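Here the protein sequences come in this chain order: A and B. Numbering-wise (the working numbering), the first sequence opens with residue 1 and increments by one. Numbering-wise (the working numbering), the second sequence opens with residue 1 and increments by one.
Each statement offered as a hint is correct.
Only pairs whose alpha carbons sit at most 30 angstroms apart, straight line, appear in this in silico DSS-like list of lysine-lysine:
no. : chain 1 : residue 1 : chain 2 : residue 2
1   : A       : LYS64     : A       : LYS93
2   : B       : LYS64     : A       : LYS6
3   : A       : LYS93     : B       : LYS6
4   : A       : LYS6      : B       : LYS93
5   : B       : LYS64     : B       : LYS93
6   : B       : LYS64     : A       : LYS64
7   : A       : LYS64     : B       : LYS6
With the C-beta cut set under 8 angstroms, the calculated list includes, among others, these residues of chain A facing chain B:
no. : residue
8   : VAL38
9   : GLN108
10  : SER112
11  : ASN140
12  : ALA163
Calculated from the structure, these hints are not laboratory results. Here the structure is a predicted model, which means the values were calculated and not measured. Heads up, the beta-carbon is just placed ideally off N, CA and C, and yes, glycines get one too.
Number of protein chains: 2
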Amino acid sequence: MAGEEKTLESTRVFSGRVIGVRVDRVRLPDGRESTREVVEHRGAVVIAALNDRQEVMLVRQFRKPVEAVLWELPAGTLEEGEEPLACARRELKEETGLEAEEWVPVTQFYSSPGFCNERLHLFWAGRLRQGEAAADADENLTGHWVPLEEALEMARRGEIADAKTLVGLLSLRYWRR
Amino acid sequence: MAGEEKTLESTRVFSGRVIGVRVDRVRLPDGRESTREVVEHRGAVVIAALNDRQEVMLVRQFRKPVEAVLWELPAGTLEEGEEPLACARRELKEETGLEAEEWVPVTQFYSSPGFCNERLHLFWAGRLRQGEAAADADENLTGHWVPLEEALEMARRGEIADAKTLVGLLSLRYWRR
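Extracted from the complex, chain A is given alone in its bound form (with noise of 0.2 angstroms):
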């Protein structure tokens, strides 16, 4: 069976500035009991913008979860009533400077559905111009472009090591008409 859990009772243990985490009870399709400690996350929004000489824009971020520095698509948290789309053009501006004509909303996808509702937004951008990057204060990344089959083949050898990137540059060398 896929059936249902029905909550009993859920329990608030932590509210931060980016997650939440609760722990609810539930009742199984079969009758028992158990519990699931799921986070809370906003969404985010994931950017493939590939340029006219079939470059992908790249971010290098330091992340302290995992303590390195990653290759990742620019992506961001959606601000509270954010369209996904205004966030992937905000995100895009803050993190790269580059501006984008073309948007083509692809597919939404769950990051870890086991315990976390993190749901991600992908966009492909094009007909970009370059403009003025103005990142978060405490972000720090900077942006490279890689021609996206030097990116695929980074992915191929383990170099890039981000789920929602991986997606993001398959999409864009798979389904892309």
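Take the given structure of chain A and dock chain B to it, following the hints.
Just chain B, lined up with the frame of chain A:
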């Protein structure tokens, strides 16, 4: 810049069965301070098992955080000290009853490195033999053989909305020799 962030102080705010949560006060490369909310997770495996008819094994599973039944590749959390390959063999057998003679470690990636350290180990599995499934008592899921090409169309249409499953299916289609 994409420099390191030095931890000044770390506060544990939650210790659960599946996840832990801490808040780090950090020194940014430019000298200012900020905080990072970090979800700690033991890591997990994800298995793309393909049979001789070019069908991939997908499971339907209710996911409390998103209140939905999702299509996913078989997957599961590493036990304390468990090797990823041993975990992959165990989870594939428990969730689907399948045993595989051929195992290929494909790549590793983070599900959401901005706020979580969960690392996923992706394997391809082949030369399969059907045995008895025996899922964890509190998992309710069903396994289904789906032609790989059909699974990719489901992904393209947004009917598969799980990041690790998208990476696994796209890798199986485009990276396998």
